[in-house]
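Input sequences plus hints: build the corresponding full structure.
Protein chains in written order, with this note's numbering: chain F, 190 to 460; chain B, 93 to 410; chain Z, 182 to 510.
List of simulated lysine-lysine pairs, DSSO-like, C-alpha gap at most 27 Å:
id: 1; chain 1: F; residue 1: Lys230; chain 2: B; residue 2: Lys241
id: 2; chain 1: B; residue 1: Lys241; chain 2: F; residue 2: Lys242
id: 3; chain 1: Z; residue 1: Lys312; chain 2: Z; residue 2: Lys333
It should be emphasised that the hints constitute simulated quantities derived from the structure, not laboratory data. Bear in mind that the values here come from a model prediction, so they are computed numbers and not experimental data.
What follows is each chain in one-letter form.
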Amino acid sequence: MHSDRQSRTPMGLKIAAGLGLAFLHLPILLIFLYAFTTEDKSYQFPPPGLTLKWFAVTWNRPDVWEALGLSVRVASISTVVALVLGTLCAAAISQTRFFGRETISLLVILPIALPGIITGISLRSAFNLAEIPFSFWTIVLGHATFCVVVVYNNAVARFRRMSGSLIEASMDLGADGFQTFRYVILPNIGTALLAGGMLAFALSFDEVIVTTFTAGQQSTLPIWMLQELVRPRQRPVTNVVAMVVVLVTFLPILAAYYLTRDGDQISGQGK
Amino acid sequence: MSTATIRAGAILPGRGGVGGALSDAFWRNPKLLLFVMLTPPLLWLGIIYLGSLFALLLQSFFSIDEFSGLVNREFTLKTYGELLRPSNLDIIVRTVTMAGLVTIASAIIAFPIAYFAARYAKGRWKAVFYLGVMLPLWSSYLVKVYAWKLILAKEGILNWVFDKLHLTFLIDGWLALPVVGGNSLSVSLTGTFLVFVYVWLPFMILPMQAALERVPGNLLEASSDLGASPRQTFTHVLLPLALPGVIAGSIFTFSLTLGDYIIPQIIGTSHRFIGMAVYAHQGTAGNIPLAAAFTVVPVVIMGIYLWLAKRAGAFNAL
Amino acid sequence: MPHAVTFQKVSRHFGNVRAVDAVDLEVEVGEFFAMLGPSGSGKTTCLRLIAGFEQPTAGHIEIFGETAEGVPPYRRNVNTVFQDYALFPHLNVADNVAYGQMIRGVAKAERLRDAEAALEMVKLPGYGSRKPGQLSGGQRQRVALARALVNKPKVLLLDEPLGALDLKLREQMQEELKALQRALGITFVFVTHDQGEALSMADRIAVFDHGKIMQTGTPEEIYRRPKTRFVADFVGSSNVLSPDLTRRLGGPAEWASLRPEDIRLGGEARHEAQVTSLSFLGSATRVTLDLAGEKLTVLLPAGTDVPAQGASVRFSWDPSALHLMGPQA
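In structure tokens form, the structure reads like this:
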């Protein structure tokens, strides 16, 4: 018997796990370094010098602001739509039993289970067939479709943890359906919805594959970055934008984690 | 207790108003409430999403007129026939091979992380590992690809490290190889492979960790108690029990690689992948039917993959 | 004066399952009424029909003479103590207890004062600021009780109220519930699968099986004079004798019930059987007899002589102890 096996971690495993985590994080850290490099013609490492001047340059770029503004607006509206649709769907699936529940939960997951390019080209060809011109709303249409699942996953997990008799208890004590929603259901699923909403925002803010098919001539921030990646023209500005994007997406993820950590975990597979 | 709150009757009068009436109606007929809740999401997903998917599928049975370049809206299997051309078959084989290799590599790298996080990490470290996987998973896809453009560039950090270690000949030797080689890492299939593995790795770690966490610790002790060596315990106990997680993770890595068109476009050679072919056919070429037929390929492959996984009993343990 | 609760031919079907099947029931005002039965016998569904969580498929329900079907739970002056207590996790104990009054628009100071009084009544004074998660199972149950009673319901419903408590706490709560019910004079209807609990607490018991009421009566009646084999067997695990066996033991050819504690061993009894097993229960010893292939259980109080296993013993009973249930029970 080796009763101490639990407490002693094999050295090899420790190193392999550490290296794996380093592999995941070093490239992202590199982005932060490059945002300060003085080199503006190549990706030279190590940077010949460090400077803050590219932040000022980026700050004064109207195209970056425009792309950022569009991304924020798209993400906000997509999140609101996803919150409404995802919560309704989660409530229906988890609070009632009916024929076809499995099919509906599959339908909600499908937009992220299938490769993004399929969602993208489907929407694009449907817009073409229906002769809908590309606009702000065609982007939102695509984004909201795959954001629903993130809200749905978080809400379903919380509904499952919530004792089914809470709603009955509230009604038993004299609260009608709307009072029960306001005083019992909302306080209990509120943080899960907030977390789901933040993840939906991050997902939409970062989305590029579907967006390339539904955006037409407009540029969201990821589209702007994609253009820079394919044909680099503004390396230093791209470096700064990349760093800002990392920071902007990290905050909602961390917040979502702290909102849901006691109990259900944020559904990573939801992405 | 105050007497003011004592209520006389056993049945209280209705509240009146629209809210009261609605609330009563929902209670009397729960199906009505279900209908009200499900209609908006079903309309959205059913009409916008499923409608688009079916429209796409439909178009894969159309064909394109080679002279006018216009879509001919008559049922035909001609477009699917075009998929079998050697150049298109090449694309399919290349993509599937890449997806397979990426999946295997991800599983190998993911295992120690998932195993450590599931079995040894406690309390604070558990949170560190969880966030350590979640943050890269959720951070911007394009930024991650961009980071590898920085890493793999000729003047980038990887070449610099190998140069400092006087190992540049290793990279040069590898790049001289056919198929996997190229002018530099950022324009080689090796580069494409590395970026795929990096970007999809977290999708392998999370389900693997979830599966390993369900393996009771005493099972491993029972195995070694019965005389199994650590290696035997690994192959006969741990691996079979972790398999559902590996399969779940591989569904993500495989499917995501099959459908991606941005990574090979930015880091890679001129050899096309399915996603790039779809993008090119629907865009510049305007050949929507062929693009549609191409998108059916990953769906069919994933269908076969799931069917095989199911037949192998991978879902029984879930 | 109307009954507290009246069921007239009430049915509740779920698809093909008849959870409650044409039940007639009358609960008197101010009584402690138990609905007893195995799981799936329809007793909980009956409770939910009174509360308004379920609607009858057929039949008529009255609460204090007023029609209840079609009335949602929030319009019934009836409150429930749930099996899992269903305390709101996001509210503290005081706000949980004050919830009903908050909904009714009672001013905050007043409802919190009432809540504290109710908590005192269930022996949890000063617990108002705690969260339900910080309480033990027994304490949570008392809070659930206070939360229901503070509304002064016409009927209090209790769904397996003691099921989750350990034995010692359960016995203590039985006493307290009984005392509380007497002091408040509120009609209590409680559901249980534990016959001991029903016998010791209730004024009257309805025994359920397969969606029907098999028998309604006082604990004494149910225990001494079961009407059917099921009741005899379920309440107090009586020896249920087939008509053939009853005849062999000198009675008429009818189903009969013979309580294990009513059988005496030894003496000049006419009947003889083999001891097949013995188990020591503390206050008594259970002896299983084999009577030509039929099993018979005997409960010997502590202090009496216990026969050896395999021994042949003579046994007898007081003629009044053999309770006949008719040829078709």
